[in-house]
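Peer 1: Residues per chain are reported as follows:
2 protein chains.
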Amino acid sequence: MPQNPDAFTRLINALKILPNVGPKSAQRMAYQLLQHSRSGAQELAEALQHALKQVHHCTRCNTFCEGGLCDICADQNRDPRRLMIVHMPADVSGMEAANCHDGLYFVLMGQVNPAQGMDLSHIALDKLVERLQNSEVEEIIIATNFTAEGDATAYVLSELFKNLPYKVSRLARGIPLGGELEYVDAGTLAQAVYERKMLKE
Amino acid sequence: MPQNPDAFTRLINALKILPNVGPKSAQRMAYQLLQHSRSGAQELAEALQHALKQVHHCTRCNTFCEGGLCDICADQNRDPRRLMIVHMPADVSGMEAANCHDGLYFVLMGQVNPAQGMDLSHIALDKLVERLQNSEVEEIIIATNFTAEGDATAYVLSELFKNLPYKVSRLARGIPLGGELEYVDAGTLAQAVYERKMLKE
Ligand SMILES: [Zn+2]
Ligand SMILES: [Zn+2]
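Line order of the protein sequences matches chains B and E.
Under the UniProt record's numbering, think of the first position of the first sequence as 1, with each following residue one higher.
Under the UniProt record's numbering, think of the first position of the second sequence as 1, with each following residue one higher.
To be clear, the hints were calculated from the coordinates, so they are not data collected in a lab.
Every clue listed holds true.
It does not matter which identical chain is meant; a pair holds if it fits inside one copy or across any two.
Restricting the straight-line Cα-Cα distance to at most 20 Å, the calculated cross-link-like pairs of lysine to any residue (SDA-like) are: (1) Lys162 / Ala152; (2) Lys24 / Ser93; (3) Lys24 / Asp185; (4) Lys16 / Gln49; (5) Lys167 / Gly103; (6) Lys127 / Arg81; (7) Lys127 / Val137; (8) Lys127 / Glu139; (9) Lys24 / Glu96; (10) Lys16 / Arg38; (11) Lys16 / Glu43; (12) Lys53 / Gln42; (13) Lys16 / Glu46; (14) Lys16 / Gly40; (15) Lys16 / Gln35; (16) Lys24 / Asn99; (17) Lys16 / Asp6; (18) Lys16 / Gln42; (19) Lys162 / Leu125; (20) Lys53 / Asn13.
No experiment lies behind these values; they were computed from the predicted model shown.
Isolated chain B, as found in the complex:
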């Protein structure tokens, strides 16, 4: 497409890195940014640079965080005996909005993909094991998605905890089958926490 200058084509290609953005959407986004949202485009560029530089992982729960500890891990009012394990930061946001968990979190920052041979390198298992050492944790709530990946991840976690002295539960299947946590409303999330199914006492 010769009428696309290099810098424009480069922007289109760069936008395709975003999830669910194909060539057509990327072209439309690039047009929108350059023609109608130049200040927004500038802010996006700066926000990306800033986030790449500033955002690290909480040393305790592994979520995104700017200092050493995130706000939740640093909060003395949270109950350190209950640890909820989730896939990604958006799931923590959802749980907090549902206001149904007063314990702490651990964020795996990934899921196990059963279609790709149950590769465990995408989830922060080592960091989780380290987190549990000499901790006050008594109960672990597995809050992974109810999808093939979420089920596989829950299976890996339940195997990991099998011979360890924790109560282990998983969210109640009040969440719609195939549903992902970040698209579930607060009420349904809360219900699923209250009715969580014990896997091991």
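Knowing the structure of chain B, use the given hints to seat chain E with the ligands on it.
Peer 2: Same frame as chain B, but now just chain E with the ligands:
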């Protein structure tokens, strides 16, 4: 949401400038970029900065372009007697892919919105009038969308050309009603050009 650090929240907000990206998508994009596509995020930031600096408007056809003239306007083999008027750069790409127009283009970089009082400030009418002065243009092909905005834009253009010495046509309505050019396949696009309806001889 206290667990979102400032730089992460800022990135989420910045992503919401993109078309069709709401809070949930933005959160997912930010997670994807920082956790799984850091080099892609870096490239996106740089591509944005580069495009904001380098991409200007072609002095002749008004499309995005890095130098003074875009490749199509600079091409001596294009027929300067036929000028096709489109909404945005993606429409030029689509036409070129359909390989059905050997003339030149003019890109309005906007549409008239009939729901907002037919405000003409969003389309480059002044630049179009300037483009036509002392030009070799004999025929004008209006290739706006077949939507309310595209129809309103075509109406404004046909009024503009009413007393001017050009043949004026609009794309044949082979394009599905309500359809936008960028989502139409090349064959349908070509058909619509070949069967264009004369508005004025
Ligand atoms: Zn933390
Ligand atoms: Zn041009």
